[in-house]
Amino acid sequence: MNFKNQEGNQSSVPTNSEGMCFKIAPDDQKQAWEIADRHSNTITRYQAYLNWLTVKTLLPWFEAWAQEEGLPAPEIWPPAKQLVQSLELVNGTAIELNSTRFILIPMDEIESDFLDVPQEWVDHPNWLGDYYLPIIVSLDGDEDDCWIQIPGFGTHKQVKTEGNYDKNTRTYGLEMTDLIPDLTVMEITRGLQVQEPILSLPPLSEVEAKKWVEILGNPSIYSPRLQGEISFETWAALLDNQEWRQHLCDRRMGKNPDVVSHQPLQELRQWLHPVMEEGLAAISGVWQQFEALFVPPTPVAVRGKRETIQAIAPVIRLLQPDELEQTRRHAAGVLGELGFGNSEAIAALTQLLHTARDEETRWQAALSLGKISPGHPQAGIRKARYLDWGMSLQGHSVALIVAIMPKSDDKLGIHLQVQPTSSGKLPPHLKLSVLSASEETIREAESRGDRTGEGQDNLIQLRFSPPPGTHFRVRVSLKESSITEDFIA
Numbered sequence: 001m002n003f004k005n006q007e008g009n010q011s012s013v014p015t016n017s018e019g020m021c022f023k024i025a026p027d028d029q030k031q032a033w034e035i036a037d038r039h040s041n042t043i044t045r046y047q048a049y050l051n052w053l054t055v056k057t058l059l060p061w062f063e064a065w066a067q068e069e070g071l072p073a074p075e076i077w078p079p080a081k082q083l084v085q086s087l088e089l090v091n092g093t094a095i096e097l098n099s100t101r102f103i104l105i106p107m108d109e110i111e112s113d114f115l116d117v118p119q120e121w122v123d124h125p126n127w128l129g130d131y132y133l134p135i136i137v138s139l140d141g142d143e144d145d146c147w148i149q150i151p152g153f154g155t156h157k158q159v160k161t162e163g164n165y166d167k168n169t170r171t172y173g174l175e176m177t178d179l180i181p182d183l184t185v186m187e188i189t190r191g192l193q194v195q196e197p198i199l200s201l202p203p204l205s206e207v208e209a210k211k212w213v214e215i216l217g218n219p220s221i222y223s224p225r226l227q228g229e230i231s232f233e234t235w236a237a238l239l240d241n242q243e244w245r246q247h248l249c250d251r252r253m254g255k256n257p258d259v260v261s262h263q264p265l266q267e268l269r270q271w272l273h274p275v276m277e278e279g280l281a282a283i284s285g286v287w288q289q290f291e292a293l294f295v296p297p298t299p300v301a302v303r304g305k306r307e308t309i310q311a312i313a314p315v316i317r318l319l320q321p322d323e324l325e326q327t328r329r330h331a332a333g334v335l336g337e338l339g340f341g342n343s344e345a346i347a348a349l350t351q352l353l354h355t356a357r358d359e360e361t362r363w364q365a366a367l368s369l370g371k372i373s374p375g376h377p378q379a380g381i382r383k384a385r386y387l388d389w390g391m392s393l394q395g396h397s398v399a400l401i402v403a404i405m406p407k408s409d410d411k412l413g414i415h416l417q418v419q420p421t422s423s424g425k426l427p428p429h430l431k432l433s434v435l436s437a438s439e440e441t442i443r444e445a446e447s448r449g450d451r452t453g454e455g456q457d458n459l460i461q462l463r464f465s466p467p468p469g470t471h472f473r474v475r476v477s478l479k480e481s482s483i484t485e486d487f488i489a
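Numbering (this note's numbering), first residue to last: 1 to 489.
The set of hints was computed from the structure by calculation and includes no laboratory data. The C-beta atom is built at its ideal place from N, Cα and C for all residues, glycine as well. Errors might be hidden in some of the hints.
[To be verified] Simulated crosslink set (DSS-like; lysine-lysine; CA at most 27 Å straight-line):
#1 Lys30 - Lys81
#2 Lys431 - Lys411
#3 Lys479 - Lys211
#4 Lys210 - Lys431
#5 Lys167 - Lys211
#6 Lys210 - Lys425
#7 Lys81 - Lys211
[To be verified] Cβ pair distances, simulated, as ranges:
#8 Pro467 - Leu226: 38 to 44 Å
#9 Glu439 - His330: 37 to 43 Å
#10 Ala292 - Asp113: 47 to 53 Å
#11 Pro26 - Met176: 25 to 31 Å
#12 Lys167 - Gly469: 55 to 61 Å
#13 Asp113 - Gln193: 28 to 34 Å
Could you put together the complete structure from these sequences and hints?
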């Protein structure tokens, strides 16, 4: 392959004795900007613009290389349809030539002292390349006098072992003077082992992935890959799934259609029966026990069996009718943590269901009874799931919580809540609605905002008791986006 400047371009393109230079076509500049303009912020748009210019300008060169050596046509990686997603999240593109991957890292001409390679291209086992090429893009001239220069290259092994890793930017940096300036070395060494071994990625559950998509989908976060709350390993596993990556980019770029859950219609009375394989819910990302998503703020101390039994009696005494209702409610919650299988605790909570003076206390008694005596005819249960099915929640991670308890008239008491999965407030004007099967609004609650536009509420909730067998819908909505789930009472 002729690793020299393109013929006919020497008069208008700077020359380099060993690197290569290419003119950028004016039409490519216009097309690249039209594509890049859809990204979420100014920095990402300009970065994507440079990448599209790089691909459009250099792909013909790789095609000529493949043709000269009788190789299959080179391919862009990720494929062009997915490139918008990756460029929203990570700088750089790749071109694959007969199983050899070239990582192209574009940079502005004035920032060309170092090759800074994002960690994804080095430590992600499905993203790493063989050769890394800095692409210096000069746009200072007239429209017909802009150009791209390749001053040299480095191998994966060189970037990984010799590059200076910066944990703040999550990049591997090499000085330009450390690169191999003679591009013909790539032709000679292509097919040899130039990669350093890389560890595989840890598994990432669908529940955790949806949580991070919700958080990092906030377009006000300029670079989600640099958020310190997410480890690189988790971030890399998130990128590895095309569907999750698509959802994340859709959020950041304002593509948030209304979503109806594809989960089967939930028959709430079935929730009251113990399920031996409850852990399967956490794996599949469907409705889970409330405690699987919300860690208690103060974990109960580990006790021995005898010590636990001794602690139950004084707690039961706090359930007496002459105690403050708040005290009785708190004691009922404690019994739900201590009294599993204890007949005295079960009897005390059952009695509280009939003597409690307010609805909050009865709910706590029923839910605690469900914890210590699953399947009890008066036990309640509470389940939750992330609201992360393609809906933008302005960077907030929230969950829908559904609690049920049997009532004396064969109805179910139903308690709906929406609340953040961590500390913080709900976004203002988030609506929780109960609808009939024909979409008629039955009940509705809405979160409030303060004068600055920040949220005021840490939850919104609704309670109702529909007749047995009622089909109803629960909808959570924010602006033009909504999530809908179907239930049978």
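To see whether the hints hold, each was checked on the structure:
For the given pair, Lys30 sits about 19 Å from Lys81 by alpha-carbon distance, which is consistent with the 27 Å threshold. For the given pair, Lys431 sits about 26 Å from Lys411 by alpha-carbon distance, which is consistent with the 27 Å threshold. A distance of roughly 21 Å separates the Cα atoms of Lys479 and Lys211; the hinted pair therefore holds under the 27 Å criterion. Between Lys210 and Lys431 the alpha-carbon distance is near 21 Å, which keeps this suggested pair within the 27 Å criterion.
Of the pairs offered as hints, the one joining Lys167 and Lys211 holds, with about 23 Å between alpha carbons and a cut-off of 27 Å not exceeded. The straight-line distance between the Cα atoms of Lys210 and Lys425 is roughly 19 Å, inside the 27 Å bound, and the hint therefore holds. Proposed proximity of Lys81 and Lys211 is supported: the alpha carbons are some 25 Å apart, at most 27 Å. Look at Pro467 against Leu226: about 53 Å separates their beta carbons, and that is not inside 38 to 44 Å.
A C-beta distance of roughly 40 Å is found between Glu439 and His330, which places it inside the suggested range of 37 to 43 Å. The hinted range of 47 to 53 Å is satisfied by Ala292 and Asp113, whose Cβ atoms lie roughly 50 Å apart. For Pro26 paired with Met176, a C-beta distance near 28 Å keeps the hint of 25 to 31 Å intact. Between Lys167 and Gly469 the Cβ separation comes to about 57 Å, which falls inside the hinted range of 55 to 61 Å.
Restraint check, Asp113 to Gln193: a C-beta distance of roughly 30 Å satisfies the suggested window 28 to 34 Å.
Going down the numbered hints, you'll see the structure goes against just number 8.
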